[in-house]
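Based on the hints, put chain B in the right spot on chain A.
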Amino acid sequence: MIRLIDVRKEYARGGLALDSVSFQLRKGELCFLTGHSGAGKSTVMRLIHMAERPTRGEVRVSGYSSTSIRPREVALLRRKIGVVFQDFRLLQDRPASANVAFALEVTGARPVVIRSKVSRLLAQVGLAAKSEALPAELSGGEQQRVAIARALAHDPLVLLADEPTGNLDERATNGVFELIRDINAAGTAVLFATHNLDLVRRHPELRVIELDHGRIVFDSASNGGD
Amino acid sequence: MAYALRESLRAFRRAPVLAALSAAMIALSLFLVGLFGVAAWNVRRVLERVESRVEIMAYLRDDAAPEAVTVAQTDIAAFPEVREVNYVSKEHALLKAREELPEFAAVFGDLESNPLPASLEVLLRPNQSGPEAVEAVAERLRAYPFIEDVRFGSEWLDKVYLLRRVAGATTAALGSAFAIVAALIIGATIRMAIYARRDEILIMRLVGATESFVRRPFLLEGLFTGLLGGLIALGATRLAFTITSGALFELEWLPFEWVLGGLTAGALMGVIASGIAVRRYLRAV
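Going line by line, the protein sequences match chains A and B.
Counting with my numbering, you get residues 1 to 226 for the letters of the first sequence.
Counting with my numbering, you get residues 1001 to 1285 for the letters of the second sequence.
Isolated chain A, as found in the complex (with noise of 0.2 Å):
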């Protein structure tokens, strides 16, 4: 589902950025992304995302090539990719609601749409009963799980977490995990970003992709080239 193959990422400022990566993310899997900061977890976030396009090599997302991807077709490739962000980035002036309504509006949903899907995701997250809270008025865990409940309203195939749980403390962390935990079960494929080894550990069953310098340098899959 997603595929990168050989990918290189240079920045006409920043230098090397990522050089021969290749892996597959497959549909359904969660897999965590680790490595220092400046590693690369967060540009190949944005290649996946389309943010960014590779300096060589190629990026594939659900049919989608970044080689070959128009315009119009990334804002339709993002509708099937959740992203949450450590900094949860959500609108300060609006309500929990009307945070998770926001993604499907920008999409062109029916009003009767959006309100019960936003009750439905807010309930999924466990938030049911702050839906008219500012983000001000929330914990950092709750927060992030308006901005998961957010990622979650188109249905995606894939959630990108880059690193969901850098601001939230140990409790908060946990019960964030456990709830992508869910949404993998439930069928949605996680590619979660962290530098929080203890989390990494505790979870000997995921997988793991460690980068290094911009290379991967660990696969516990040992999938890297495929």
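Read the hints as simulated data drawn from the structure, not as lab findings.
The structure displayed is predicted, hence computed values, not measured ones.
Even glycine gets a Cβ: it sits at the ideal position worked out from N, Cα and C.
Label pairs and their computed distance ranges (CB to CB): (1) G187/A <-> Y1195/B: 35 to 41 Å; (2) H213/A <-> P1016/B: 50 to 56 Å; (3) D212/A <-> P1016/B: 49 to 55 Å.
Below, a sample of chain B positions facing chain A; criterion: calculated Cβ distance under 8 Å: (4) Y1003; (5) E1211; (6) F1213.
What follows is chain B alone, placed relative to chain A:
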């Protein structure tokens, strides 16, 4: 479209002072264009009235055969530039001279013979009274052997046309300059609006909104700002016209097409300026 409309109107509610200021600046620019438009329109109307009076006088020799003159009169009336040809006899010329120049009544009264020549008075069609057309007709009239002299005040006509060209060029130059200023103001306003909503735009793109969807509220905001500025300018221009026309000169108000053109130009400027601003921003992020 409902979302875009709601968001564009929300921008006015969110930053009313900024919206009012930018609409006021656009209104000021378009008001100046409007004032100049009224001036240009009235200059044009005056020139049209002057042009409609352009006539060519072809003075006939005393020995001109009446039959030949009658035939020529029919020929000249068939020229594409010519609206009307009138024969002015020697007697009629004298009568007119006595009427129009009463201060010379004594001179005309003492005459033993009529010294004034008969003439053909050639009136041109409204759109055929430019210097080139007049000169072309005069040239053809000179070819008739019984026509002694042709007069049409060429220097005066050239000046009228020069004035019209200068008025037209000045309107275009000033109009363009003010239009650019107004477009820059709208562009700056939209850039501020984009900056205020940068988080929203980022999230829109993350969740799969199309570029056109992201742009639409800003384009509508530009359209409304331009249109609002245009309407304020129209009101101000009308007020200035009413005060000036009543107190100083008798002026004519702008034709409907010009008013509509001004409002459309304001709205278009708003759309284009915000389109450029939002396109630049989306490319940069």
